[in-house]
Structures are given as C-alpha cells and as structure tokens.
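Listed below are the residues making up each chain.
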Amino acid sequence: METIPEKPFGQEPMSTDPRHFRAYRMKRRWQETHDTFTIELAAMDGSEPVNFAPGQFNMLYVFGQGEVPISISGDPRQPSALTHTVRAVGSATKSLRRLKAGEGLGVRGPYGSPWPLEGARGNDVVVVAGGIGLAPLRPALYELLHRRADYGQIVLLYGTRSPTDILYRKELARWRARFDLETLITVDRATDGWHGHVGVVSTLISKASFTPANTTALICGPEIMIRFTALALEKRGVTPENIYVSLERNMKCAVGFCGHCQFGPLFVCRDGPVFSYPRVKGLLAVREV
Amino acid sequence: MENLERILAEHPFLAGMEPSHLEILVGCASNVRFEIGQLIFRQGEDADVCYLLRRGRVSVEVFSPNRGPVVIQTVGEGDVLGWSWLTPPYYWHFDARALDPTLAIALDGKCLRRKCDEDHGLGYVLLKRVATIIEQRLQATRLQLLDVYGNHS
Numbered sequence: 001m002e003t004i005p006e007k008p009f010g011q012e013p014m015s016t017d018p019r020h021f022r023a024y025r026m027k028r029r030w031q032e033t034h035d036t037f038t039i040e041l042a043a044m045d046g047s048e049p050v051n052f053a054p055g056q057f058n059m060l061y062v063f064g065q066g067e068v069p070i071s072i073s074g075d076p077r078q079p080s081a082l083t084h085t086v087r088a089v090g091s092a093t094k095s096l097r098r099l100k101a102g103e104g105l106g107v108r109g110p111y112g113s114p115w116p117l118e119g120a121r122g123n124d125v126v127v128v129a130g131g132i133g134l135a136p137l138r139p140a141l142y143e144l145l146h147r148r149a150d151y152g153q154i155v156l157l158y159g160t161r162s163p164t165d166i167l168y169r170k171e172l173a174r175w176r177a178r179f180d181l182e183t184l185i186t187v188d189r190a191t192d193g194w195h196g197h198v199g200v201v202s203t204l205i206s207k208a209s210f211t212p213a214n215t216t217a218l219i220c221g222p223e224i225m226i227r228f229t230a231l232a233l234e235k236r237g238v239t240p241e242n243i244y245v246s247l248e249r250n251m252k253c254a255v256g257f258c259g260h261c262q263f264g265p266l267f268v269c270r271d272g273p274v275f276s277y278p279r280v281k282g283l284l285a286v287r288e289v
Numbered sequence: 001m002e003n004l005e006r007i008l009a010e011h012p013f014l015a016g017m018e019p020s021h022l023e024i025l026v027g028c029a030s031n032v033r034f035e036i037g038q039l040i041f042r043q044g045e046d047a048d049v050c051y052l053l054r055r056g057r058v059s060v061e062v063f064s065p066n067r068g069p070v071v072i073q074t075v076g077e078g079d080v081l082g083w084s085w086l087t088p089p090y091y092w093h094f095d096a097r098a099l100d101p102t103l104a105i106a107l108d109g110k111c112l113r114r115k116c117d118e119d120h121g122l123g124y125v126l127l128k129r130v131a132t133i134i135e136q137r138l139q140a141t142r143l144q145l146l147d148v149y150g151n152h153s
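Line order of the protein sequences matches chains A and B. Going by the numbering used here, the letters in the first sequence line up with residues 1 to 289, in that order. Going by the numbering used here, the letters in the second sequence line up with residues 1 to 153, in that order.
Excised from the complex, chain B in its bound form (with noise of 0.2 Å):
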C-alpha cells in the first residue's frame, strides 16, 4: 500500500497533494497493466474507473462503421485516461486501447465518488484538477478544429 502511494504522488495529475487525501485515495487504487491492442473500456459500457498512466500508450478512438475505429486522440505517461466515471450517467463516450504495452493506475470511479462526497474538500482538489485536464483537452480539441496547416492559414 505504501508503494502504491508513493506511485499515485508520482504522478502529474496528483502531484502536490495533501498526504491525507493521498492516503484516501489509495484505498481506491490498484496497478493495471494492458498489452497492445486491448481494449481498455468500449463506449457505452460503465465509466467506472479513472485510469492515471504511467507507462505506454493509449488511443482514444470513435467507431464507424464505415472506416472502423478512428483514432481522434492518443494519450500516453503522465496523461489521465477518462472523466466519465465523474458525471451521470457514468458511460464511456468513447473506446480506449493500449497502443503499447501500458501500466496504470486504476482508481475505482465509485469508490471515488463515495469519497468525494464523504470529504468535499477531496472533492473540491480532484475536481479541479480534472478540471485542468478537460480544459487542455478542450483546447487541443479546439485546435485540432481549426485545421491551422489548411490552405487557408
């Protein structure tokens, strides 16, 4: 237990955080491992876990049933894996597969929210810092939208 919360402090996401709120989490933390091609969560089944990664890559990707699985993100070492698990109705919006042979840090979406609502100050941290994450990935989005190398710019 004492590694895994050396591991989780590690962590960009959760670097900087009170030992006390660390040690909470860890009771909601395990290490996961992927190979390469597997999937990590399908859209549209329970967003239940929050993954932090440590190791490897994953791809976000979309269906369609005429091209297959597109990738529209990758995210890899250091970067969070899913926000579903934060709001109803807890359901992955999108398909996530290990690109590489990849380690994470699993933490239980029920489990945290149990927590969250237990200590609202836990709550009010996490949620900012999920925050961060949305808003950069909001803007890269964003800027992905714009198609800056068009012939128009």
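Only chain A is shown next, with the shape it has when bound in the complex (with noise of 0.2 Å):
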C-alpha cells in the first residue's frame, strides 16, 4: 500500500480552490482600543502575496474555533503585509486576539466586490465610515492617497461611540495633517479631554468641503448608519447612483453557495459587500429580509 508522505503544516501545495484556506502564520498584532486590534498575517510557505482590491475580506479560520469574515484593513500596494483590524465581540475574534507571533491560521480569499475607486476618478470623493468601518475603508483612503491627482477633493468624515473608541490614531493625526485630504472626526458620547466635534456622522455632512454633483461616496459602518448617512448625502445633492455603501451579513462560506447571508436576492459575499446604494435602498428599508 502507497503511503502519502505527511508535509508540515503550511507546506501543502496551493489549492485553487476558493473554499480551502491556505496557511499563515500571526506576523504580530497590536491593540487598537479595548476592543479591537489589528493583526499582520505572513504565508507559511513563503509563497507569493495574494493581491487584494479595496473593500475585500478574508474568511480568517482559527483551526478548531470557527472561521470569520474580516475585512482587509491594510495598503492594497503591499500585499506581503496582510492586515485585518477585528473587534473582538464572538467567540473566533475573540479567539484571533489570543494567536500569539508565529501560531497558524487558515486564510480564504480575497473575496466581494471592491469599493469603486477607478469609477470615482475625476470626482469628488467623500469617504464616511462609521466605528470599525473605517477599517475597510482604510485600504481605499490608501489608494486614493496613492493616486490623489486623479480625484477632486477627497474627505474622511468618521464618527465612533467615544475618544477611546478611535482606531488608527497616529494615521488620523497624519491625515489631518494633509491638506489634500479633509479629515472631520465625530464622537457620540465626549468624555474630558476632547476638543473634537460631538454628534452622530452624518451631521459631518453639511461641514464637509466637496461639490455634491460632482462626488462618489463610499459609506460602511453599522446599518442604521449607513441608512442615516446615504440620506444626508442625498439631501446635500449627492446622485444616489454615486453612494456606495459596505454591507455586512452572516457570512459564512464566502462564495455564494449556503446562502447565510443573503439579502433578498443578494448574496452579500458574492455579489457585495460593496454595493451601490440604489440596488440595496429599497432593502435596507424592509424590516425583515
């Protein structure tokens, strides 16, 4: 009888399929507030970086805990530093936040469409993430900033519950520094100490430098948000047709095929996250897809 000879772990050949995981190992991970921390995922074989758009995910498998959907929060220009930002709120990102340097996991993807940057060119860019939806925001900031001769004015309104909920300080600062890049940032609840705006995020809306007619929007954060936010816009002249929004459902085999997170006649996997207000409008409205 033929005997398979074991490889290690991380050494198995690459499938093609878009089900199985290929191998990683923790690069590190760092906190970014109490609850959420961002990691650097290196391949175990060594292999090539996969390259990612802005606005995929991964499907991140923590072997005998379950697997997840994690957007990719890193530059789409250095795709050897695979970096997801999770807030630790279930039991497999509770789990990613134990992996210590150099432990393994499994990574699927990338999957879902992208935040359409190449469409925006010309435009008025007007970025509006709410909580840890900056983080799949992040990678299309990096690549407009990449590019910024190609847009108009480019604007980062985000809003989060508190101070102490704010992600990517030291890049805020940054970007706030630029003046080719309008940064307003919001809070819900102030505590002592912050100086900033204090509201919800689509009151940053009227406060923004951008021409309305003009300008492609890309919103992500929790759903009541975005449905507050695509509104604002809409009244400030946004064209509907312009805002694209960043959905998140149950998703679980990230492909299309169980059906978990299906949104009416959307598969948000397969034929999201990222998807243009006007196909997603009328169902954000329904109670109960």
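By construction, these hints were calculated from the structure, which means they are not laboratory data. Check before you lean on any hint, since a few could be wrong.
[Claimed, not checked] Label pairs and their in silico Cβ distance ranges:
1) Asp-147/B with Gly-152/A: 30 to 36 Å
2) Glu-234/A with Phe-63/B: 33 to 39 Å
3) Ser-209/A with Glu-18/B: 25 to 31 Å
4) Val-286/A with Arg-55/B: 40 to 46 Å
Note that CB positions come from ideal geometry on N, CA and C, so glycine has one too.
Work from the hints to combine the two standalone chains into their complex.
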C-alpha cells in the first residue's frame, strides 16, 4: 500500500479551490482600542502575496474555533503585509485575539466586490466611516492618496462612539495634517479632554467641502448609520447612483453557496459587500428580508 | 446695516428668505465675537438671543457636579445656536462655550418675538426654519441615543 508522505503544516501545495484555506502565521498583533486589534499575517510557505482590492474581505479560520469574515484593512500596494482589523465580539474573533506571534491560522480569500475607485476618478470622494467601518475603508483611502492627482476633493468623515474608540490614531493625525485631505472626526459621546466634534457622523456632511453633483461617496458602518448617512448625502445633493455602501451579513462560505448572507435577491459575500446604494436602498427599508 | 443684511442673507439658516423679511431681521441683529473658552450662555439664564454661527465651533454642555461640563453636542459654521428664546419661559437649558475663536450674528430674542407677533408672515417663515433645525437635532440626538456602535449593532 502506498503511503502518502506527510508534509508539515503550511507546506501543502496551494489549492485553487476558493473554499480551501491557505496556511498563514501571525506576524504581529497590536491593540487599537479596548476591544479592537489589528493583525498582520504572513503565508507559511513563503508564497507570493495575494493581491486584493480595497473593500474585499478574507475568511480567517482559527483552528478548532471557527471561521469569520474580516475586511482587509492594509495597503493594497503592500499585500505581503496581510492586515486585518478585528473587533473581539464573538468566539472566533476572541480566539484571534489570543493568537500569539508565530501561531498558525487559515486564510481564504480575498472575496467580494471592491470600492469603485476607478469609476470615481475625476470626482470628489467622500468617505464616511462609522466605528470599525473605517477598517474596510482604509485600503480605499490608501489607494486614493496614492493616486491623489486622479481625484478632486477627498473627504474623510469618521464617527465613533467615544474618543477612546477611535481607530488608527497616529494615521488619522497624519491625515488631518494633510492639506489635500479633509478629515473630520466626531464622537457620539465626549469624554474629558475631548475638544473635537460631538454628534453623529451624518452631521459632518454639511460641514465638509465637496461638490455634491460631482461626488462619489463610500459608506461603511452600522446599518442604521449607513441609512441616515446616505439620506444626508442625498439631501446635500449627491446622486444616489454615486453612493456606495459596504454591508455586513452572516457570511459563512463566502462564495455564494450556503445562502447564510442572503439579502433579498443578493448574496452579500458574492454580490457585495460593496453595493451601489440604489441596488440595496429598497432592501434596507424592509424590516425582514 | 447693508453689510449686515448681506451677512444675514448668506447664512444657511436664512438662505432664500424674502428681502423684506431680511430687512426686518437686520433690526434685531448684531455682530458678536467669542474667544476660546468663553461662555456664551449658561443654563438658567434668560434666553434672549439666537446665534447664527459664522465661524468657529461651540460646545453645548450640561454641568454635572461629579464630571464637570459634559459636552453633548458641538455646532459650528452655518449652524444655529439656541432656540430657547422662542418658547416660554425663555431660559437656557444648557451651557454654550466657544471651542474656537467664534464669530456669530446675534439676533435679539425679544426683538424677534415682537417682530414675529407684528408680522405673522415673518413669524411663520422663521418658525418653519427653526422647526427644521429642531427636527434635525432631534434626529441626531435619537441616533446618539441608539448607541449604534455598541456590541449589539
């Protein structure tokens, strides 16, 4: 009987089946806020990095614990540093937080539709992020800034719960110092020492400098925030067709087989997560899809 | 006076208002300036001014004995600060403090009420605009109360 030689973990030949994971190891992890952390991963077999587009996500598998869809939050021009920002709220994400440098995990992806940065060329771009919704938008901001001359005004409006929940503090400080990027940050609840805006993120829309008729808007955050932000953008004059939203649903297979993330006629994993607003506007208003 | 009328006409709160109404409002208006940290009004004091902010930011605060001033909202350029001048008992319900050097048009509340009583057309137009601001603030406050970034969302 022929014996199949065992290969150490991470040395298996790469599968082309999108449902198969590849072996990665944790390079490093750092805390962003009390419940949110960022991880940097490297392929165990040292293979070429997998390119991704801003807005796409990976399925991260903590062995024996479970798999979870997480947006890629790093720079698309540096895919070797595969970066994800994770909020520890469930068992899989809490297990991710416990992984130590060098430990292994499985990665499938990248999956999903990207932010329409090509189509936005020549336009002003308004990026509206709520809470951890900044993570899937960060690759888009990197790319917009890499190709800064291709766009008009670029505005980042970021809202979060409180000052201690603000992600990517150093990066935001750098962005705020740029003259070619307008960055406005607001918190729902101020704490001592906070001198910035207080109020929901949609209230920043009237304060930002952009030409509504010539604007592409990218929104990511809790669904309620998305709804009110899209309404506020429409009210300011942004064409609904130029508004894009990233939705989150219970994604399991990530390739449109299982139906867990079905949203009316759409599968969020396969058709999204980035959708043009008119495509989902009606569905967002439905109580139970 | 002509200059003040132009400034009033350019403020988003009064954009598109009839010139005849603007002319009446100019009689109640004056330019004001606040330095960083300056208290603009304080809870419990007479609310006899409506501020149309032209530049800078203002925090709307409530004082807590344990925590000191707690900021519940910030308003800025193009916003309206204060509507307690409109309804009895005409007292401020919150504190307001300048976070930046702030420029505003101060509309005298007593003057506004008198003009609105004399000219119900003006009163209706003004009330519709104030109602819009109140509706926007109420919606924003409801969203804040929802705590959309909490674990449950």
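Of the numbered hints stated earlier in the document, which are not met by this structure?
Result: no hint breaks.
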